Amino acid sequence: MTAPPLLEVRNLRVVYPGDDGDFRAVRNVSFSLGRERLGIVGESGSGKSTTGRAIMGLIPRPGRVEADAMRLGDADLTRLNERGFRRLRGKRIAMVMQDPKFSLDPVMTVGKQVAETHRYHFRSSWKAARTAALEMLEAVHIRDPERVYAQYPHQISGGMGQRVMIAMMLIAGPEILIADEPTSALDVSVQQQVLAIMDEMVRSRGMGLILISHNLRLVSSFCDRVLVMYAGQIVESCRANRLHAATHPYTRGLLTALPELGNRRAELPQLRRDPEWLADLPAQVGTAP
Amino acid sequence: MSATNLRIGAPTGWRGWLLDSAPASRNQARLGRWYRAWLGLRRNGLAMTGLVIVLALVFVALFAPLFANHAAAYTQTLTDRLQPMSWAHPFGTDELGRDIYARVVFGSRTTLTIVALVSLIVVPVGLAMGLPAGYFGGWIDAVLMRLTDIFLAFPRLVLALAFAAALGPGIENAVIAISLTAWPPYARLARAETLTWRHAEFIEAAELQGASHLRILFTQIVPLSMPSVIIRLTLDMAGIILTAAGLGFLGLGAQPPSPEWGAMVSSGRQYLLDQWWVATIPGLAIFVVSLGFNLLGDGLRDLSDSRG
Amino acid sequence: MSASGAAARPSPVRRPFPTAAGVASALRRIARLLGSVALTFLGLTLVTFFIGRVIPIDPVLAIVGDKASKATYDKVAEQIGINLPLPVQYWRYLMRVLHGDFGTSIITAHPVLQDMAHVFPATMELAVVALLVGTLLGVPLGVLAATNRGRWPDQAIRFGSLLGYSMPVFWLGLVGLLLFYARLGWVDGPGRIDVSFDDIVTPITGMITIDSLIAGEYDVFWNALGHLILPASILGYLSMAYIARMTRSFMLGQLRQEYVLATRAKGMPPFRVVWVHALGNIWVPLITVIALTFGSLLEGAVLTETVFAWPGLGLYMKNSLFNADLNAVLGGTLVIGVVYIFLNMLSDVIYPLVDPRARERR
Ligand SMILES: Nc1ncnc2c1ncn2[C@@H]1O[C@H](COP(=O)(O)OP(=O)(O)OP(=O)(O)O)[C@@H](O)[C@H]1O
Ligand SMILES: [Mg+2]
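Those protein sequences? They're chains A, B and C, same order as listed. Position 230 of the first sequence, counting from 1, maps to 271 under this note's numbering, and the rest follow consecutively. Position 167 of the second sequence, counting from 1, maps to 370 under this note's numbering, and the rest follow consecutively. Position 165 of the third sequence, counting from 1, maps to 671 under this note's numbering, and the rest follow consecutively.
In isolation and in its complexed conformation, chain A is listed as follows (with noise of 0.2 Å):
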């Protein structure tokens, strides 16, 4: 960790206005991504996705977003207004979602809403960016892209549209990837063929990896680094392989919760909370690099 970090997160924190006050669904969450696979786990609500989508600059009006620090390698994402943001999606960093049948445009062939990535990002021509775009298919190994090319979602199975998902994400190569529940909405045969696409695409850029998922299992034998969240704070971080000496009993509970190998459902069991994790932690002290 000598290099500087691509993305560096200070005290973020994100609120949903309501009826009833106003929910802090992110609590002065800070962390920093370097080359590497970093995971995010936690129970649904935890605040994971916020996490993720605040970083895009994509949390829906009225939410309202605020962090002492977020930096994406020379730009300062807190000064960032919509348009800023844009120049930074898909080019410099991207996001690959939960269900591939809900996040591709249904009305639009597959190739052309990889195509358009390109196209928009580098100004290229539909032709340039077809030949891009079949590159990239091949790239996350599909085997005929030309065929796949011209397919509406709804015409191709899962684990497909996840692949084309990344490489709509990646044709224009940014530098990280967020991967919000990428395989759960997935069949368990081709879950791991996905992670491991998107692992060589992210090892063979150099990229940095946000992998977001509620499989504790799943994250720490995938990523370098995990980051544990409850209630909308990180109660945990720590190495990946370090993870048996977590101290938060939180973390703890979660361990030894964890099913058997070979037991193929991992969903997080029944925990006791204690109503002190709710409590605020401190928030980081200190002054940006």
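In case anyone wonders, no lab produced these hints; they're calculated from the structure. Predicted model, so just to flag it, every value in this text is computed and none were measured. Ideal placement from N, C-alpha and C gives every residue a C-beta, glycine not left out. Incorrect hints may appear among the rest.
As the list claims (entries may be wrong) - Residues from chain A shown here face chain B by an in silico Cβ test under 7 Å; the list is partial:
#1 Tyr57
#2 Asp60
#3 Asp61
#4 Gly62
#5 Asp63
#6 Arg65
Starting from the known structure of chain A, arrange chains B and C with the ligands on it as the hints suggest.
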């Protein structure tokens, strides 16, 4: 509440109780839902305007004699024909010397009657077709929905016109004609609502406890479907009023001398160029009332959209 | 998909269109469509039969009118078989309708269908122009409102279309005439064309604006346009109100979808996200709405044509109504009903062209 930590500025007292996102009882949840709806509505100025107009219509119709003189609406005073607006006749007089203001006020009764009667026919018929279709499914569903689709594909105004033409003009026949063409959407809606609740746990639990189908339909599913039916009805009201006014304009609604806004526009037509108020004022009344229903319905639907 | 599939093999991809199965499914779809059209048509004729032969106390009298001679009365009585059982009467009625025999009009003494063919183009001319105006303005405004949800453009468009939605068309027509024709003199008055221009062009399509252009009679064209512009604008505004409102609500539904977020996440500009991706997904319901608008323009003709003295189907029906010409009224109802059914069918046929998902549905 353990989650208070995550929310700042949460309301307390009875508002807090109503708005609690983790209500402790079913009644609290229900009241909370209504209160939230009210809050949402109150924030929407247009919808509130609509509500005021609708309430005003109901009030004026119920207490018409307080607002205008009954005799002025009916008595023909040929010496006072086609008078322009004045203190004595705020909207002028019509071709038979009757006070247009008074006729508009008493005309609200006709409008409200039609609207109320149509609702009373359309909602039960729609429920009667839609509930069994959604609840029992199978061939019952197929037959009922086929029938609904057939009626849905009919031209509404023209059919109402043909009915009114065959039955003879009159307010009752106008109501029947409108109702006959207005029920299918309610059947569709009731069916869709029933389908969403059909396999809910509490319904199946009630079934296991041996509650009869009829009982489940009436005590569980009907109340659950009511909010969307009411929204739909509010949105439809304007259409019903406009259709009724159209029939009246064509001479197929309420018959003279009883005041009906559409018919008033029609009889004022021939004086349009010189005595514009005779035709335009009653039309304005139709417009304002149907706008009121539309504003209200639109606000309600927006509310249910954003909550759904 | 089986869980034991070999590791690296791409998942099976469905064969592209058209295959034997695809053709078969298309045929099935068409068959089902025709079945539902036939059923709806039966329902429609049942209703008109019911209105014409069952409700009136003396259906013969209802058809011929009370001024008819004894001979006419007997002829019609024999024709509809007044003493036969109802199902037989219905069967005869249905057969006659299928052969295009809607009876004879009392006022014009022509066969009803012939009358309708004569007046229908006038109605079409008005409805088509209004629909064009309504669609070309309504769709963009609806999109604009949805993308600005809650802000002033949304409020303005919503309010503007609610206004249109709430106006009685006959009243708006009268106010329009009063203002733009009588007071300001910007447009020509009621009717389709000035009397002095009558019968100059021979009808080809029956729509005067088109026929006059074909014939090169530009004076006639401008005169017809002057008459057309007010009713067309008013109906166009009302159509726009409905189309904009529905477009807005469809768009709001799409803008919530995941793919919109994904499209933004890859950096697409708002224009493309909204007008290509989201709008591309609402054509199916939108076409239904446009078809419905067209239908309501046709049936609304009864009111508009009365106000504008526009010699189309609506005015014809209204005049028949006042002369107790039941054959003509029911004939008009049937014609508009059939157009309705046809519109429904048409939108079913168009769906697969605009939505790839609809191409393969069972
Ligand atoms: N647009 C929004 N408006 C209001 N509240 C929101 C919004 N989006 C998310 N939230 C709330 O913020 C909290 C965090 O949501 P988030 O989607 O980040 O959770 P998550 O960790 O990704 O959960 P999951 O595993 O279910 O995806 C949740 O309680 C959610 O209800
Ligand atoms: Mg999530």
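Hints, one by one, checked against the model:
no.	hint	result
1	Tyr57	violated, 10 Å
2	Asp60	holds, 5 Å
3	Asp61	holds, 4 Å
4	Gly62	holds, 3 Å
5	Asp63	holds, 5 Å
6	Arg65	holds, 5 Å
Figure legend: structure checked against the earlier numbered hints; the only hint not met is number 1.
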